[in-house]
Amino acid sequence: MSERYTLRVNGRAHEVDGAWLGESLLYVLRERLELPGSKAGCEQGECGSCSVLVDGQLVCSCLVLAAAAVDTDIVTVEGLGGPDDPLTIVQDAFVGEGGVQCGFCTPGLVMAVHDLLARVPAPTDLDVREAVSGNLCRCTGYGRVLAAVQRAMGSGA
Amino acid sequence: MTDAATRTRVARGLGESVLRPDGAAKTQGRFAFTSDLWAEGLLWGRTLRSAEACARIRSIDTGPAWRIPGVAAVVTADDVPGAATYGLDEPDQPVFASTVVRYSGEPLAAVAADHPETARRAIEAIVVEYEPLEGVYEPEQAFNAAPIHPAGNVYRHVRIRRGDSEASGAVVVEGVYEVGMQDQAFMGPESGLAIPAEDGGVELFISTQWLHVDRDQVAACLDLPPEKVRLTLSGVGGAFGAREDVSLQVHVCLLALKTGRPVRMVYSREESFYGHVHRHPARMWMRHHAGADGTLVKVEARIVLDGGAYQSTSTHVVANATCFAPGPYRVPNVVLDGYAVRTNNPPCGAMRGFGAVQACFAHEGQMDKLAAACGIDPVEIRRRNALAHGDRLATGQVVEGTLPTLECIDAAAVLPLPPPAPDDWIARPGGAGRTSEASDVRRGVGWAVGIKNLMYAEGSDDYSTAGCRLRDGFAVITSAAAEVGQGFVTLAGQIGREVLGIDEVTLAAAETATVGSAGSTSASRQTWMSGGAVEAACIAVRQRLLEHVAAVRRIPLEELALVDGRVQSADGRVDVAVADAAPGVVFEATEEFHHGLTHPLDVDGQGDAHVAFAVACHRAVVDVDAGLGLVRVVQIATGQDVGRALNPLAVQGQIEGGIAQGVGLAVMEEIVLERGRIRNPSFTDYLIPTALDMPEVVATLIEQPEPGAPFGAKGVGEPPTVSSHAAVVAAIRAATGLDLRRCPVRPEDIALHS
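So the protein sequences, as listed, match chains X and B.
Note that the numbering used here gives residue 113 to position 113 of the first sequence, counting from 1, and the numbers run on in steps of one.
Note that the numbering used here gives residue 631 to position 631 of the second sequence, counting from 1, and the numbers run on in steps of one.
What the hints contain is simulated information worked out from the structure, not anything from laboratory work.
Fair warning: there could be bad hints in the mix.
Across the chosen pairs, the derived CB separations fall in these ranges [claimed, not checked]:
hint : chain 1 : residue 1 : chain 2 : residue 2 : range
1    : X       : Asp73     : B       : Glu178    : 35 to 43 Å
2    : B       : Ala146    : X       : Asp127    : 53 to 61 Å
3    : B       : Asp61     : X       : Asp127    : 54 to 62 Å
Sample of chain X residues with no beta-carbon within 12 Å of chain B, all distances over it, derived [to be verified]:
hint : residue
4    : Glu3
5    : Tyr5
6    : Gly11
7    : His14
8    : Gln44
9    : Val54
10   : Ala68
11   : Val70
12   : Asp71
13   : Asp84
14   : Leu87
15   : Gly103
16   : Leu109
17   : Asp115
18   : Ala148
Owing to the predicted nature of the structure, the values given are computational and were not obtained by experimental measurement.
Glycine included, C-beta positions come from ideal geometry on N, C-alpha and C.
Isolated chain X (complex conformation) (with noise of 0.2 Å):
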């Protein structure tokens, strides 16, 4: 069973078509539509690496179906950045303070931070623990993904 739909992420519209229609948001993202930013670490929402913003909602994408996405808008990481600064507050954040290492589980941190950020401006050290919660990090422990929080907080983001 498959249909033609429109998925509009990252402000432009892409035509889905052949697809089957058990696609998860996840897979159409990185086999279809080319933005392989968001990760498959679980895929059953406990890991976070998959984050992505639909209609405003931080949501692990590989727990939408991508043609229940239609008609949402939908960004992904590689939205993020504009053209003229290519890295945002949080991005240069997370390199600055070593929040990366292997950087499988970044682009969801990444996310989710922002997320935070646009709806709690000064989040307190539990505030921002919980916002990140559901994204699993085996590499960092998260010292440094807290202080690049902390910084990108300090730098107004």
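Put chain B on the given structure of chain X with help from the hints.
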């Protein structure tokens, strides 16, 4: 070894917190992990795995899979053209099981199809008939059980005897300890993209820890000469030991050769739990004898590691567990026996800490018991026995390098303790579950010190190869060292800049076609081994540059030096930037780096088997609600022996990340088995620490440069994981008064005994 000529401070050189060259791309999602790769005509591979842990295979009917539209190939053991088995040390593991299965999750067949869903349906359509057999699931039963494998059930017995086996002391303490099976749980599951080549060979883009040893195993199984199997390292989503063994490499290449099309295979999280080795579960008995003042007289130990169905690195893991059974302490007399055995449980092998982690849990439990029996403070008993440079290990080997055990303990001891928990639900055990009342929470402090060897041991001829090519001030380093997140890509550039005095140093892709082996990214070895190889290659290139300038300018070579990025002569006649010193001329060198010789252990387990050692001390602070059995780890303070911190930011990242894995092992991480079957192969049921679980980490780096190590640096990846779990459990004991013998500590271990 370290070369003084360029010892002036180099921008983005050694000792500086240089940022990762791949960092920006990783934050943007532009960095290509293996699972992100795509090729025209791509097929999806998938593996059929055994549902049984121990069974005879009556039949495998792949017919129904072939009949599914979109299936391009189904392969079984009959399709493997070369060696039917592979293995890191011993080729005892079938590419596909054909007559018997020895563990639940063992591969039986693989398919390639036009869509991952088609591949999944094809796998489910294959019909396997088993004749279930009684398996061996208890390691102690493996010794006397019928052989699970023609090679027998004992992978290795390591026997270490030194001094007087009859010696005793005024104080004797004894204990039995258990460590559960931990998963490396890297975030990026196993993945590979195989593309058939025109010469009949195959290109494999792969996430691994050691390209060349993968290549050799794949080539043998495919019956291809090694040069026709070309591996390229693609983005690796963490490793921690789990990518040392072959997983899907042979399967995906076989499918590509069968179909003549590119095949990508990416494990699901569930399959990842079946697809790689785990940390060996351990059962350990120890008896410590000491004088009344706590000075160790003798340590006795019997350690049994469950190696699971295939050998992997079990023989080395058990050597480490046994060699380091007494921990970083001086002890004149030892009676140590370590066994790694074969069972029908999932295969176990390398994980960060590699045997030392298990032993540490037992020896540190013993040190606390000894401290209590002697009426001595836990810190003081460790200080009194602390192993140092010039002391002998259990194996009789004298520690020739630095070993600042005492300094690590003292550094951790003076780090500030955390304030009392804030009056906030989320800061209490149980967190947002709002379960613990503040009045039920008790705080405890625990200590542990760990030691581990660096690099390969027991006579292994371990080496790394690296190349350097310099032209007009631009250098390219070549190395097959696997970057798995640890930061070798950063370090290689730092070394190049340091030695050559230039800013433009890049690292070429790691691959097997044109570069020699760099050895494995494991055993805390790449900074030393591949760092040493990169240094040697850069020094050779620098020498060629100086020789060239000497010849052109007719100046004696010995009067030239490279200072602050300039080639200068003593008399000042030559003073030119490296970039302008030899326009258009290419200087190249390839060098191999070998570490100092090691030797096998003799019949008494004596010998200079190890290259070097690193220690770390951890102090853990926990809050425990004993009634509910809930633990919150509040803080870990550590003093760590690093030799020299070549990139302090990267070292800090290794320490924090390694401690996270220790905290996980202490309180939450365990693969639960039921007659060999994994009960919790998912992140829903196998828990790893989140940002809310992770304590504050405070660290002091002890920098005593290691003689013989390039730049004096020791590997820093493993020590944070060797003893942090033991410190956390000690802290839980201190908070509850319970004699906790096993980690991870489960809620019922506390709640049902308090």
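Structure-based check of all given hints:
1. Asp73/X to Glu178/B: 35 to 43 Å: violated (52 Å)
2. Ala146/B to Asp127/X: 53 to 61 Å: The hinted range 53 to 61 Å holds for Ala146/B and Asp127/X, with Cβ atoms some 58 Å apart.
3. Asp61/B to Asp127/X: 54 to 62 Å: Since Asp61/B and Asp127/X have Cβ atoms about 56 Å apart, the given range 54 to 62 Å holds.
4. Glu3: holds (15 Å)
5. Tyr5: holds (17 Å)
6. Gly11: holds (16 Å)
7. His14: Since the minimum Cβ distance to chain B is about 16 Å, His14/X lies beyond 12 Å and the statement holds.
8. Gln44: Violated: least Cβ distance 6 Å, not greater than 12 Å.
9. Val54: holds (17 Å)
10. Ala68: holds (17 Å)
11. Val70: Holds, since 20 Å exceeds 12 Å.
12. Asp71: Holds, because the least Cβ-Cβ distance between Asp71/X and chain B comes to about 24 Å, which exceeds 12 Å.
13. Asp84: Label holds. Min Cβ-Cβ 15 Å, cutoff 12 Å.
14. Leu87: Leu87/X not clear of chain B: closest Cβ-Cβ about 6 Å, inside 12 Å.
15. Gly103: Per Cβ check, Gly103/X is inside 12 Å of chain B; nearest 3 Å; violated.
16. Leu109: violated (9 Å)
17. Asp115: holds (14 Å)
18. Ala148: violated (9 Å)
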